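Sequence order for the protein chains is Y and S.
So the first sequence is numbered by the numbering used here: it starts at 1 and just counts up by one.
So the second sequence is numbered by the numbering used here: it starts at 462 and just counts up by one.
Bear in mind the hints are in silico, worked out from the structure with no lab data behind them.
Bear in mind the structure is a predicted one, so any value in this text is a computation, not a measurement.
Misleading hints may appear alongside valid ones.
Just some of the chain Y residues that point at chain S, by a computed CB distance under 8 Å [unchecked claim]:
1. G209
2. P211
3. L212
4. Q213
5. A239
6. P240
7. R289
8. Y293
9. A297
10. D298
11. E300
12. Q301
13. G320
14. Y383
Facing chain Y, a subset of chain S residues (Cβ under 7 Å, in silico) [as the list claims (entries may be wrong)]:
15. A568
16. A597
17. D600
18. G775
19. S778
20. G780
21. S781
22. A829
23. Y835
24. E836
25. H840
Pairwise CB distance ranges (calculated) [what the hints assert, rightly or not]:
26. S:E902 / Y:G326: 47 to 53 Å
27. Y:K225 / S:P703: 18 to 24 Å
28. Y:E294 / S:Q725: 33 to 39 Å
29. Y:Q88 / S:G780: 55 to 61 Å
30. S:R749 / Y:R251: 37 to 43 Å
31. S:R749 / Y:E214: 36 to 42 Å
32. Y:G74 / S:P703: 23 to 29 Å
33. Y:R47 / S:R749: 57 to 63 Å
34. S:A502 / Y:E294: 36 to 42 Å
35. S:G511 / Y:R251: 16 to 22 Å
Glycine is no exception: its CB is placed at the ideal position from the N, C-alpha and C atoms.
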Amino acid sequence: MRVSFGPLDGQNLRNTGGDAAAPTAPALADKRRHALLCAMVELAGQRGYASVTVARVLARANVSRSAFYKHFAGRDDCFLAALTALQQTLLAQLEQAVASQAPEHAARAAVGALLAFADSRPAAARFLMSEALAGGRAALDARDQGVDEIGRLVADRYQRIPTTTIVPDLPPAIVIGAVQRLLGARLRRGVREHGALLDDLVGWIDSYGMPLQELRWSTRALGPKPARSPLQPRVPLAAPARTRVQLSATRRAEDQRQRIVLATAEVVRREGYRAATVARIVELAGLHRRAFYELFADKEQALMAVQELSFRRAMAATAGAFFSAGSWPERVWRAGRTFTRFLEQNPTLARASLIESHAAGHAAVKGLEDRNLAFTIFLQEGYQHEPRLNEPPELALVAIAATNLETVYRQTRSCGNAAITRLLPHLTYICLGPFLGSAKANSLIDSQLEGEDEFAQRIKA
Amino acid sequence: MAPRPTTKQSINAALQERREGTQRERLLAGMILAANRYGYAGATVSAVIGEAGVSSVTFYEIFDDKDDCFLAAAALAHERLLASVAAAVEAHSPERAAAASIEALLAFAAEEPALARFSMNEILAGRSRALDARDAGIDELAQTVERAFERVPSLGVIPELPVGVMLGAVCRLLAARLRRGERGLRAMSGDLLGWSKSYARPAGKHRWRAFTPASSPARSPHLPATALRPPPALGPGRPRIPADEVAENQRQRILFATAKVVAQRGFNATTIGEIAKLAGLDARVFSRLFADPQEAFAAIHQLGFQELVASCAGAYSAGSIWPERVWEALRAVTQSVQGDPTLARVAFVEAHAAGAGAIQRVEDTRTAFTIFLYEGYRHAQQHAGPPRLALEAIVTAVFEVIYRQVRAAPAPEIDRLLPHLTHLCLTPFIGPDESERFIEEKLRRR
């Protein structure tokens, strides 16, 4: 049975203890379940889900182990139940917030409500916005579904306004997902007071404004497949071939490291980070267990090495492409083309880095966020390209990075990496919009798409 | 041979008119003309005597070989440049010595484009002795300024940056423009003087004008776990991997072999046979994958550049505030260059010898690194920030420092110059005092 949940971050946990009247058995069960969910939210929301154990939840909730297993199949099940319950609370708050503002400001209202939620209930917010990504595949499904529901709230509001109204030309669910990522990172760092971000975030969202009837990017409909970038490595990253040539000791160690890193990525992609074991990794790498522990302390470190390798290769290829073009928008297009091609060419690395990092604990999540932010270096030139009266604030770069990550993450989750290159127009638009305005960004993308056509035909000919 | 671009002809026209003179002078003028037209590699003895209208017998009576003539021409160009810089420095107060020397370089480039192009651009394509001559020449120009600076009282305000680096950077900036046949170079004066002035501080407080290497900073966590290296040879027999992968394996091996041969012998002495031998491949494999050594050089240069940007960008994004980001980026770059002497030589020394395409690429990569400075404008909102050309000047100055270090056999100390390079990058945006405070803080925390 589902009970309605108030704040799940312990605020009413304390109130549940001192009831005078002896509760009935079903009411007691409800109360225990509630206490367990509160404890889960509180623990994961304060220290991260990776550090939560059933024993800790029991201790915090003051509930017996057998009672726990009466309600939940295990830790993940409890986590998932807490997540779904919290999402409903959040959704209800957002519904109110969105309804209280003019329909064209629905996205703005939703973002404002997310910030308010993070301000008023930091542990619950961190649980929803960051830890939800750490709870395995079922939790990711629930997280994505929750984000989609909020996105639909916003999209529904647009149904009732004249088609000439200006609204942000972005997929609402992606914006919500991105803002959640952005807040999740801050909450994990222990930052409080997010309300001050509102103006910058609203300014950023509004910079994508277009008349409702001309919206083009509000769904993730895929573009055409762009031509192959000439700067792209011809073959995907692979473990060094076993050679019959005698290698030096350092060289052998380096090869082993590379083999372990790629095997880690593969095992993590197949089985998820949490189910992946060092035994499976060394088996796939064809190495002894000892070789693994000589190089890495644990599988988290190996996953961070996967991140590092993916980042370096992606960044190197992207930078090469970026600097090969003339004007800044064109550079962004070329960089994006090479970047998406890299992800498509290396699906294992992409999945392990972009999706599974969250399950591997703090350092890995921070690694992913920092490396994702590193790509904003290519946006710096935007400020010089066309100095405008209202140039995008610093936070816009962070928001753009989070939006692109969310876009690629959703695509990777929904259909693997097969079509990531076809998101190139979307990703380019997300980058250019705040600097050039939507109309100009659109026409630049159109001319790039035409160029791709010609390029493809030339190659065919 | 490439067709002669018209701009080059017009640059050389003035020199052509002065062809009369002794045979030696005619040969030197011929060398300058030929090198400006065809580059060092194309300025063969026959090209030089063709330009000079002198017989080859006469050539060999006066010079031992092409390099002898090339160096003599460099000495001639340098003498003229030195005379005009010295005169300019002399004509101004010692406080204005740096500004006067920059203006003199610009004036020289505008009035004597052929000599300037030869001594600032073509000379970089020469062999090691030509580079020695170029570096010694810059040092001599710098000494003229330094001598004037000695007369500045300790409260006198002068730019706090190594004069040799400043002049070397200005020469490189001019080289790029002379190569493109640009006119109106004097117009750069305002921006360049603004740049050098942004380092101004009372002479008594100076700290960064001489290079005193600090202790090596801790290893940057943003360097790759394993060094960039070629894949191993596939071994005897028919390879058991797809043809694509075989080609990629061979391509990579050729790239790294090219880097190695170029770093050891200089690009001018590099042959396909030697590259193929070092890569353990047949020369035919080279020819199947690359048109010529230039193409292989371009590919390894690009690879090295991409790696460097990847380290730099990763480190940059890890910093919280902009000065911190610059520090981290420079730490990663300097350590990465220090750790790979072969690629360092390819990127910072030899590229000029590898033809017009490679020179263009070096200039493009320098422009590329300016993106790490853009944020400086927003960080230092209270100041207007340096002019746009200053970004290029800063990166070129950093390039010049690293170039000098890479050439400083046997032990470059690039990683230990991190504080100096940080000062070069930050000061135009946040001023010398704040920049010093920041660097002090970083050094103390270490």
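For each hint, the structure was consulted:
no. : hint                        : in the structure
1   : G209                        : 24 Å, violated
2   : P211                        : 32 Å, violated
3   : L212                        : 34 Å, violated
4   : Q213                        : 36 Å, violated
5   : A239                        : 11 Å, violated
6   : P240                        : 6 Å, holds
7   : R289                        : 20 Å, violated
8   : Y293                        : 16 Å, violated
9   : A297                        : 14 Å, violated
10  : D298                        : 16 Å, violated
11  : E300                        : 15 Å, violated
12  : Q301                        : 11 Å, violated
13  : G320                        : 4 Å, holds
14  : Y383                        : 6 Å, holds
15  : A568                        : 30 Å, violated
16  : A597                        : 33 Å, violated
17  : D600                        : 32 Å, violated
18  : G775                        : 6 Å, holds
19  : S778                        : 4 Å, holds
20  : G780                        : 10 Å, violated
21  : S781                        : 11 Å, violated
22  : A829                        : 4 Å, holds
23  : Y835                        : 4 Å, holds
24  : E836                        : 6 Å, holds
25  : H840                        : 10 Å, violated
26  : S:E902 / Y:G326: 47 to 53 Å : 40 Å, violated
27  : Y:K225 / S:P703: 18 to 24 Å : 23 Å, holds
28  : Y:E294 / S:Q725: 33 to 39 Å : 34 Å, holds
29  : Y:Q88 / S:G780: 55 to 61 Å  : 40 Å, violated
30  : S:R749 / Y:R251: 37 to 43 Å : 27 Å, violated
31  : S:R749 / Y:E214: 36 to 42 Å : 51 Å, violated
32  : Y:G74 / S:P703: 23 to 29 Å  : 44 Å, violated
33  : Y:R47 / S:R749: 57 to 63 Å  : 58 Å, holds
34  : S:A502 / Y:E294: 36 to 42 Å : 49 Å, violated
35  : S:G511 / Y:R251: 16 to 22 Å : 51 Å, violated
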